[in-house]
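Q: The lines below spell out each chain.
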Amino acid sequence: MKNRLFVLCLTGWLSLAGRALAETPPVVAIKNARIVTVSGPVIAKGTVVIRNGLIEAVGDSVQEPADAWVINGEGLTVYPGLIDALSTWGLPGAQSQTASPSGRRGFVPEDPAPAPTPAPPGRPTTLTTPSAPPARGPEDRPYNTSFLLAADQLDPADRRLESARGAGFTGAVCFPNRGIFAGQGAVINLAGQRAGSMVVQSPAGLYLTLRGGGSFGGGFPGSLMGVIAYIRQIYLDADHYQKAKELYAASPLGNKRPDYDKTLEGVLAAPRVLMPAQDPKEIARMLRFAGELKLKAVLYGVHEGYRAADILSKYDAAVLVNLRWPEKSRDADPEAEDSFRMLELRDKAPSTPAALAKAGVKFAFYLGGLDRSSDIARSVRRSLDAGLPQAAAVRALTLGPAEIFGVADRLGSIEKGKIANLIVTSGELFQEKTEVKYVFVDGVKFEPSPEAPPALTEVSR
Amino acid sequence: MKLLCFILAVPAVVWAAPPVVVQNATVITVTRGAFKGSILVKDGKIAEVGEKVLVPPGAQVIDAGGQYVMPGIIDAHSHIAADSINEGSVSVSSMVGIEDVLDPEDVGIYRALAGGVTTANILHGSANSIGGKCQVIKMRWGQDAEGILFEGAKPGIKFALGENPKRQGMPSGVGRRSQGTPDNLRYPGTRMGVEDVIRQAFNEAKQYQQAWKEYREKSARGEKVIPPPRDLKLEPLVEALEGKRLVHAHCYRADEILMLLRVADEFGFKIKTLQHVLEGYKVAKEIAAHGAGASTFSDWWAYKVEAYDAIPYNAAIMLKKGVLVSLNSDSGELMRRLNTEAAKTMKYGGLTENEALSLITINPARQLDLDNRIGSIETGKDADLVIYDKHPLSSYAKVLKVLIDGQVYFDRDKDLSERDKRRLEKNRLLEKEKQQQQQQKKQGPRRPAA
Amino acid sequence: MRALSLFWLAAALSAGADDTFLIRGAVIHPVSGPSIENASLLVQDGKIADIGLKIVVAKGIKVIEGKGLHVYPGMIDSATEVGMSEIGSVRETADVSELGDFKPQLRAAIAVNPSSEHIPVIRANGITAAMALPGGGVIAGQASLMYLDGWTWEEMTMRRDAAMVLSFPAINTFSFSFTEGVVRGSYTDAKRNYDRRMKQLREYFESARRYQKAKAAGGPGFKTDLALEAMLPVLEGKVPLMVSAVRERAIRDALAWAEKERVRIVLTGVRKPGNTLADLKAKNIPVICGPTQALPMEEDDSYDAAFSLPAELHRAGVKFAFGSFGNQFSRNLPYQAATAVAFGLPYEEALKSVTLYPAQIWGVDQIMGSIDKGKSADLMITDGDPLEVKTQLKRLFIRGREVDLESRHTKLYKKYLARP
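So the sequence lines, in the order shown, correspond to chains S, P and Z. Under my numbering, the residues of the first sequence are numbered 47 to 507, in order. Under my numbering, the residues of the second sequence are numbered 16 to 465, in order. Under my numbering, the residues of the third sequence are numbered 975 to 1394, in order.
The set of hints was computed from the structure by calculation and includes no laboratory data. A quick note: this is a predicted structure, and the numbers were derived from the prediction, not measured. Some hints here could point you the wrong way.
Each computed DSS-like pair below joins lysine-lysine, with the alpha-carbon atoms no more than 30 Å apart [claimed, not checked]:
| no. | chain 1 | residue 1 | chain 2 | residue 2 |
| --- | --- | --- | --- | --- |
| 1 | P | Lys-60 | P | Lys-221 |
| 2 | S | Lys-291 | P | Lys-221 |
| 3 | S | Lys-340 | P | Lys-259 |
| 4 | S | Lys-404 | P | Lys-447 |
| 5 | Z | Lys-1246 | P | Lys-441 |
| 6 | P | Lys-436 | Z | Lys-1255 |
| 7 | Z | Lys-1255 | P | Lys-456 |
| 8 | P | Lys-60 | S | Lys-374 |
| 9 | S | Lys-394 | P | Lys-436 |
| 10 | P | Lys-169 | S | Lys-360 |
| 11 | S | Lys-302 | P | Lys-221 |
| 12 | Z | Lys-1077 | Z | Lys-1246 |
| 13 | Z | Lys-1187 | Z | Lys-1173 |
Using C-beta positions, here's what the derived DEER-type ranges look like [unchecked claim]:
| no. | chain 1 | residue 1 | chain 2 | residue 2 | range |
| --- | --- | --- | --- | --- | --- |
| 14 | P | Asn-387 | S | Leu-299 | 49 to 57 Å |
| 15 | Z | Phe-1150 | P | Asp-435 | 24 to 32 Å |
| 16 | Z | Glu-1286 | P | Gly-81 | 26 to 34 Å |
| 17 | Z | Ala-1068 | P | Gln-453 | 50 to 58 Å |
| 18 | P | Lys-51 | S | Asp-362 | 50 to 58 Å |
Glycine included, each C-beta is placed from N, C-alpha and C at the ideal position.
The task is simple: from the sequences and hints, build the whole structure.
A: Take a look at the structure:
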């Protein structure tokens, strides 16, 4: 096992873009560094040892092994690699990840045309079949590609992976995001020789949106309540499907064989469900809905979570907070005044994480389409300014998402035996001047090139 | 808006509130005449009504200053406080429901309150022959979606007849998103088709009902069977068949009204109310015989062909012919002045003051099967009260205070006095944002997302 | 004076006209002055001949017993589509919006169908005259002031070109989406669009002025242009522009533009005048209010923003009248005014803003708008305050002729009330 991993690491860099260091040896020790373990206390000065892609040791009295490649961490800080908790990195065909209900009415019509007949797996971008008639109801399974696995769609050549690493990200939870039952996410590492080697956990959860056919003439569902009714019917159908399958498996003789339904298979396979919710109304709505359907729900968006910490806490909900805070349009009418509600939202959205932390709500951050490391840092700083402790912010990008997606036993903190996803920085994370010096993914070292532009999408090649 | 919530928010636990006495008022009970006196409210309910009422110690006293108190207005047809109204994609959309998309922060709730409305039936739109499920709410401004539900209200469902549900079946229907093509035309396109859709749906519902009956019987006999698949579209129709869900049907023309009554007779269920029912006056006898209520507009007409025979005497004729009549708004604006809408029935058709007021209080309460809770000022009923500065049927009457469950949810004086404060708070936020933007400019612009 | 009355009366009787009569013992509300209890009003040849506590008339004159009743001038609705649109949703019955952006030559009066079922319905609530407005484009055409009685549109026409309707360009970044409610778009785009339309408007007025000069010069090459010809009374200040402007910025822009173009304007559609009220007062620009029974425009606006706007205009000294902006609810014109009273407008002002003020704004106060000697006998006899909903209209006179209060509604009422 160790050998195979080692080989993977070594061969991994060859096919990767530019900055994977060809000479990454199987054993690395970062010594005399400040170590933010996240799971335990900060080690003011200590050593982390990486062997064959795993963390072999961490502590203030750890000796570097003789065979280790040693990095002098004097003046540097080691963190667990950052994780974007809701992403499309590695899925070049997916829509850009600003995914959250945008309009006040919380309903976004799917664009362009409705997709009553799901596309075959593996081709998520050709979801729509323009000539197909509009869906007549839940039985047509519109916008249901719950069977799509992000893990099957990964492309290690996605150009965004490199710039993501440059910003300190070593992992992400990626989801197909088209349709209502968009598909199953995967926890991935942001490097790997092949798609398969990037996957840490799959499926990681089913991504739901509230998009529909856009009302009149667009097929079912055409409204927010239609989408909700549709989701409810799908879960009832899935429940019945399972019962029917079990009954048939127990006694096939003399019983009718239930039809295979891949859209329900996907629904049944999901360990958790991601649901959009922005404000207290939507948060309460989705929490109650999830409760009704007995789903393990993870809410995403949650910009007005500062007003909903109590209900989130009551339901013991997990939350993904969009780091792309709402902002005034740059092309706004100078004489038009936004509503009090809107102004307050823009003012207070960054205080959501602090409110959640204070109420003990499990949360993680996602980037929501932010694509420059300086913007990401600035967004996090706004939540720090609004009262979020630095440690909680780090956690929301490391162990927080790992816990929410059930991979805290292998990712998210600097602990012995965990996957060696680490970053080494020049100082405290999110500070303006702080630079990411080294990035380790599965123990493979990457060095963000200093001359590279900070934008995640602007990759110099 | 948020500030409003903050200002007017009231504790959710009504029974913890001290008793309230509304005194020195002209009390219009609707069911038991009008008199000068007081109302005692305990635990959110009307505990005593009379010319003299003992004020319990610790009671909150509201002096009506000789002005008018009437029961909270009930709007039997509204579309406020919901994030979506029409699931227009299908002709039978009974699987959807307003309860799923309530918006307790819709400022329309506050505005309705300011017009004396305390309860409203929030209906699905009229795009389909059988529409979605309705939800009765109280205007408990400041509470969440659960808090505004009218607890214990019987569920309802919307039907729609005539021009609206057949519009998408017309090749060039008014209001269609695009010209109809054979591909995107939606059945039905005629009133015959509307009847057919309803009959087909109930035929299906009966079979569904039967399937479940058989399952329960087999199950009771100990047979190992799985239940039939649940169908959210058919369940509400079965409930309607079983009298557990009230049918509120949007309709205009006499022919379609009669059609629906006969379809209901055929399948053995009742139409609880006919909504709009602008030609109800032509078939008032048949409506009364079926036992359906009618909820109409005071004076809308001529905005479409099926409204060309609408007359403002509709309510009066139907009432005189034995139909249980109410007036509704179907509009977040009109909702705020249903009192003067009621007054129009005195002008058109000569109803008495009390008859007129009953159209917006006790009658809609009966139409929602909630007359044991609301609709009049009687001991034991919910303390949903409106204080007007003039007789509520006067054009000049203005709502001063509104109580729901005995708590003040609207107070005009308070609203007026808070306006400056709201403005200042808003200015502060505007200024803050402006400064932030200037600061950001100094730090360099953020590249817009790809 | 009395002798003169008697003389007129005799002349009228001999002619057998039915537009000569006496209303006796009623409360008369001239609107232009204080109400007079137990008074009489003499109508002669369709005009108001005398008002007084005692009027001596010749024997045989038609006398209307007014005991317990009230006499008011007929009301004027300053914005309707009366007769121009029968059923809103049926294109074939609507003649309100013509194609094109600039069409000042269009005349609303000729599209007013005297047989419209709306006319008897509207006047049965005491409305005796109404502005019929064309719509669509930038300059929609000429609005006509119509009497709500007459066998032909010609007979109904009080003033064919009472106003020129102009939809003033505005920078509007709001739009309504069925699924998302109100959404805001790009300011840059909206501004660009506005600049383009303002340029068109300026150029149109410029070409009208050139036409005016060319016509005055009367050169051999001069050719009549019907559209620009229709602009001349506007340029000469004889016909006011009825300019729709909703918000502060649009109002400000419209005022500045009107001053520059030296044209007379009447504002309509005003909802959020902001700080422009003092300017409106100073420049003596009247406003057509309505609908007053409307929702606030923005979430943060006071719930009664539309209800209290007329009172606000009144406090600022701005002259205004009410319009119903449609057909369906034109009969509810008095209730628009009443709502304004509930929210602070003095009652007398409300009454004037549906009678005398519109007459003044449309330049016909010499003829209608109040009960004064010499004015047209446009009268309603009621059992009470016409702004109160429950008040019943008993009789109605337009130009002295009694008008039938029957309508499609009353006919259907009687027919179906009698259904066995």
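Q: Find the hints from earlier in the document that the structure breaks and name them by number, from lowest to highest.
A: Hints 1, 7 and 8 are the ones this structure does not satisfy, whereas the remaining hints hold.
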